[in-house]
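Enquirer: Heads up: the sequence shown at position 102 corresponds to 115 in the working numbering, and the numbers run straight through without jumps.
Source of the hints: derived by calculation from the structure; they are not laboratory data. Don't take each hint at face value.
What the hints assert, rightly or not - Listed next, the in silico PhoX-like pairs over lysine-lysine satisfying Cα-Cα at most 20 Å (straight line):
(1) Lys90 with Lys163
(2) Lys74 with Lys90
(3) Lys90 with Lys149
(4) Lys163 with Lys74
(5) Lys46 with Lys90
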Amino acid sequence: EAGTVIVLHACCHNPTGYDLTEAEWDQVIAAVKARGLVAFLDMAYQGFGEGIAEDGKVIGKFLDAGLNFFVSTSFSKSFSLYGERVGALSIVSESKEEAGRVLSQLKRVIRTNYSNPPTHGATVVAMVLNSPELRKQWEDELTEMRVRIKDMRAALVQELTAAGVQGDLGYITRQKGMFSYSGLNATQMQRLRAEFGVYGVDSGRICVAALNTQNLKAVAAAIKAVM
């Protein structure tokens, strides 16, 4: 139905780790336009996929398409401020007049829900982003984490293969971000927790960012054991 809001992960999809290609995004945008939908882009993991600019390219595609849409940005992960609940809601509207009406409604919603958010987390983010030195340090550290996660994906494939897991495991390295959709069913995930102390959710999602050189071999052996 026209006017329906559709939520899309802009990058590093949670839980699957699967990011759409540019061609696939073009198809999504065409469908959104044709059906009169309103896109709500969830940007919780910018910088953990291919880079800050690269992960944000989809925003430009929606802008170029002339669409009205929402972008929800979270700094919980990229700034390690999970407990501060800091982020931003950006709304693209077709005119200055419409933007004014949207802002008026947002103020009413905010006033009746929480009135004034805590400022500590936002102040930290603003300080970092507005300082060239601090911003570069943050970008470098984010790059280190992105590379580490990619390395853990490759190492997990290597350990799973060494443990005797058969089949194409390339999907693990093709996925992006903190999470991987393992393909394990609920029973297998429950066995991982109960028998091996390896934790993930019943959907099969595992947190690749939690892997390290000390636990990788044990995790791979546990996955092999429940398959």
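Enquirer: Each hint should be assessed against the structure and marked as holding or not.
Expert: These are the hints, each one checked on the structure:
{"no.": "1", "hint": "Lys90 with Lys163", "in the structure": "16 Å, holds"}
{"no.": "2", "hint": "Lys74 with Lys90", "in the structure": "24 Å, violated"}
{"no.": "3", "hint": "Lys90 with Lys149", "in the structure": "17 Å, holds"}
{"no.": "4", "hint": "Lys163 with Lys74", "in the structure": "26 Å, violated"}
{"no.": "5", "hint": "Lys46 with Lys90", "in the structure": "31 Å, violated"}
In the structure shown, a violation is registered for the earlier hints numbered 2, 4, 5, in ascending order.
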